[in-house]
Every structure is written in C-alpha cells, then in structure tokens.
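Please put together the full structure from these sequences, using the hints given.
From first to last, the protein sequence lines are chains C and V. Mapped onto our numbering, the consecutive letters of the first sequence carry residue numbers 1 to 206. Mapped onto our numbering, the consecutive letters of the second sequence carry residue numbers 1 to 244.
These are computed hints drawn from the structure, not numbers from a lab. Being a predicted model, the structure only gives us computed values, none of them experimental. Be a bit skeptical, because a hint or two may be false.
Among the chain C residues that face chain V by a calculated CB cut under 8 Å, a handful are [what the hints assert, rightly or not]:
# : residue
1 : L55
2 : V58
3 : V134
4 : F139
5 : G183
Cβ atoms here follow ideal geometry from the backbone N, Cα and C, with glycine treated the same way.
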Amino acid sequence: MRILVTVLAIASGVTVLAGYFLAGAVPVLDQARFILTDWAVILAGMAALIGVANLVFVHIEKVRSQPGTSLYSAVLIIALFGTTLYGVIAGPEDSFLNFAVTAIVIPVEASLLALLAVTLVYACIRLARRRADVMSVIFLVTIVLFLLAVMPTPIGPIPVLDRLILGMTGVVSGAGARGLLIGVALGTLLTGLRVLLGIDRPYGGN
Amino acid sequence: MTALGVLLLAAVILLVFVVLRRRSPAVFRRIEAYERLRKAIGLAVEGGTRLHVSVGRGDLLTGRGGSALAGLAMLRRLSEQTSFSDQPPIVTSGDASLAILSQDALQAGYRAAGAEEQYRFTTGRLTGLTPFAFAAGTVPIIHDEKISANVVIGDLGPESALLAEAARLENVDLIAASDNLSAQAVLYASSQEPLIGEELFSAGAYLGAGASHDASLQTQDLLRWLIILAMLGGAVLKVLGIGF
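Written out as structure tokens, the structure is:
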C-alpha cells in the first residue's frame with residue numbers, strides 16, 4: 001500500500017511539473033496538470049472539513065477532561081455549531097451571518113493586530129537588553145531610522161532626511177532580503193525535490 | 001528552459017550527494033538554536049513535560065508549501081525521539097491539509113519508534129484558518145499544556161510575535177524559523193536564538209534525519225556558491241560592457 005501511495009504521489013508531482021515546463025511541446029501534460037491541480041483543490045476543501053472536525057473533537061475532549069477551566073472551549077463549540085446551523089438554514093448571504101463576521105471576527109482580529117504592535121515594540125526593547133551584539137544594534141538603529149523617515153510630523157515628511165534614510169535602508173535591506181529569499185528559494189527547491197524523488201515522504205511513509 | 005535546467009542540475013547534485021553521504025556522514029557548523037532544541041528534547045523526555053511543535057500555515061498548493069514540508073520532516077523526527085515521553089508532543093497548524101499531514105507525520109514517528117499505540121490524533125491540531133485565528137488558538141496551548149519548549153518552523157507571518165510573547169511569559173524556550181521576511185524580522189527580535197533564511201530547511205539534517213537531509217543541505221550550499229559566481233560574473237561582464 002505504501003509503495004502504491006509513493007508511486008501515485010511521485011507520478012502526480014512529475015506530471016504537474018512536466019505540464020508546467022513542457023506545456024507548449026506536449027499540450028496533454030498541461031491538461032493533466034490542471035486536472036490534478038483541481039483534484040488537489042477539492043481535496044484541500046475536504047481537508048478543511050476534517051480540520052474543523054478535529055478542532056471540535058479537541059475542544060470537546062477539553063470540556064470533558066477539564067470541566068472547570070474550559071469555558072472558552074465550550075463557547076467555541078456552541079458558536080461553531082450555532083453559526084454553522086444558522087448559515088445552512090439562512091444561506092451565506094444572510095445579513096445576520098455577515099454581521100457576525102463584520103461585528104465579531106474582524107474587530108477581534110483588529111484588536112490582535114493592535115496587540116501585536118505593542119508586543120513588537122516591547123520585543124525590540126528587550127532585544128537591546130538580552131542580546132546586545134553588533135547585529136542587534138544595527139537591527140534596532142535601522143528600525144528607528146526607518147520609523148523617523150516614515151512617521152507623520154506637523155510639517156509633513158522630514159525634508160531631505162526622509163529620502164536619504166529610505167534610500168540607504170532600501171538598498172541595504174533590499175540586498176539583504178534578496179539574499180534571504182535566494183536561500184529560502186533554494187531550500188524550498190531542495191525540499192520539493194526530496195519529496196518528488198521519493199526520498200522524503202510526508203504522507204505517512206518511512 | 002533555464003528553470004528546468006536548474007531543476008535537473010539540482011536533482012543530479014542532490015542524488016550524487018545522497019550517495020556520498022550514505023558512505024560518510026557530513027559535518028555541519030554549530031547552530032545554537034538546534035543545540036537548544038536537542039537539549040529541549042532531552043529535558044522533555046526526562047522531565048515529563050512536552051514539546052509544542054508548530055508547522056505554521058503554509059498552503060501546500062502554493063510556494064509556501066516548501067517550508068511546511070521542511071517542518072513536517074522535522075516533526076517526523078521529533079515525534080520519533082519524544083514518543084516515549086509521558087507527555088507526547090502537541091502539534092499545531094493553521095492549514096487544514098497541513099494539519100492532516102502533521103497527524104500523519106506524528107503517527108509515522110510513533111510507528112518508527114515502536115510506540116504507535118500511544119499516538120492520539122488529538123495531539124495534531126488545527127488551531128485556526130486565518131493568521132490571527134491561528135495565533136489565538138495556539139497561544140492557550142503554550143500557556144496551558146505543560147510545554148517545556150516551543151518549536152515553530154514553517155510559514156508564519158508577524159503573528160508569530162504573539163506566540164513568542166506567550167513563550168516568554170511562560171519562561172520556556174522558543175526555537176523558531178519562517179520563510180516569511182516579516183516573521184524573520186519579528187522572530188529575530190523576540191526569540192532567544194533566531195534561525196535566519198535557509199536555516200529553516202536544515203532542521204532535518206541537524207536532528208539526524210538521514211543522508212538525504214545532509215545531502216540536501218550540501219546541495220543548497222553548492223548551488224548558493226554557483227549563484228554567487230553567476231552574479232559576480234554577470235556584474236564583471238556588465239562592467240566590461242559585454243551583454244548577453
């Protein structure tokens with residue numbers, strides 16, 4: 001069974017890749033690529049349902065095993081089933097269902113974003129105490145300079161200085177970012193090749 | 001055709017290095033974060049605490065899937081090494097397909113260690129499908145589940161700062177890496193030993209996942225040198241006024 005799974009995975013991967021590179025020369029490969037990608041999208045949709053089921057099981061277990069401290073889990077389960085049931089009956093265009101998203105989900109995510117800003121400032125302050133080396137100093141100085149250049153002031157942007165800072169940090173950070181991205185791209189390429197060649201099997205193999 | 005050529009070249013070099021590494025294992029430079037991870041694994045097994053592993057929210061149908069696959073390879077190795085602990089590791093992810101694969105990787109690790117009966121599917125969890133929902137679902141796990149170390153490797157964004165802050169409040173280790181530049185900046189400021197750039201993909205090799213991971217790392221190094229030479233060569237040709 002494992003061999004069959006491996007053969008199927010490798011064959012699918014090679015077909016999609018060949019369809020991408022040889023679309024002009026062998027049109028049938030391009031068609032096969034789209035069919036396989038469509039199947040993958042359908043499977044990913046089913047995976048979302050399984051993922052939600054997993055979420056429910058985890059929180060039901062939490063409510064059962066820690067009844068005194070699992071109020072949030074209970075709220076999650078009730079809200080999930082409540083909105084799902086209502087959505088199935090009323091349809092996705094219902095105004096109350098949209099209200100639940102715009103008045104609850106979006107404000108909660110926005111408040112987490114605000115919390116993130118405070119957390120990041122605090123992390124930068126702690127970095128200066130925890131790891132006071134050259135790289136940390138460069139990191140912090142760059143942040144401060146960049147904030148100086150983009151911050152709003154009563155007289156608008158700081159004359160000359162803003163373009164100077166953005167130009168300097170832009171060149172240096174752009175070069176650094178490209179270096180990092182080349183490294184990440186190589187890592188992604190090699191990880192994909194390991195899976196494609198069947199050396200690594202993230203689908204239950206050895 | 002250039003892209004196909006690079007792909008084939010990388011595949012050939014990888015296979016050559018796999019053969020070479022099976023004969024003699026590679027020696028790598030010391031990375032402090034992975035030293036910490038090794039200690040954390042030992043402490044978790046001996047101390048009756050557990051690891052929290054997060055493989056991020058990389059969609060396998062996009063280019064972000066590479067970091068997710070690297071996280072899964074690391075997870076597979078970690079689950080094998082910690083399967084005999086009283087407290088099995090908890091795995092979180094922010095993508096449904098990835099959550100299923102993480103459960104599979106966990107189970108494969110238990111199976112390899114001969115402890116498959118100890119595997120519980122509820123230890124592989126989908127905590128949220130949007131970045132902040134994922135963070136909001138993961139933070140309580142760091143606070144409530146007797147976690148001794150957090151290993152966060154995969155595709156994450158700036159929301160990783162919330163995970164780092166939760167780890168700091170619990171005074172536990174955080175070993176984190178992401179393929180996302182924003183997350184790398186955030187984690188550089190907030191984790192004890194940051195992993196930068198392609199170091200994310202070296203987790204398997206540093207955890208002893210086998211010759212293929214060692215070979216992969218060496219192929220990356222060789223390709224990086226080839227890219228550097230190509231860039232320098234291109235710059236020299238440009239200066240000399242030779243176009244191509």
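Verification of the hints:
1. L55: 5 Å, holds
2. V58: Nearest chain V Cβ about 5 Å off; hint holds.
3. V134: 13 Å, violated
4. F139: 6 Å, holds
5. G183: 3 Å, holds
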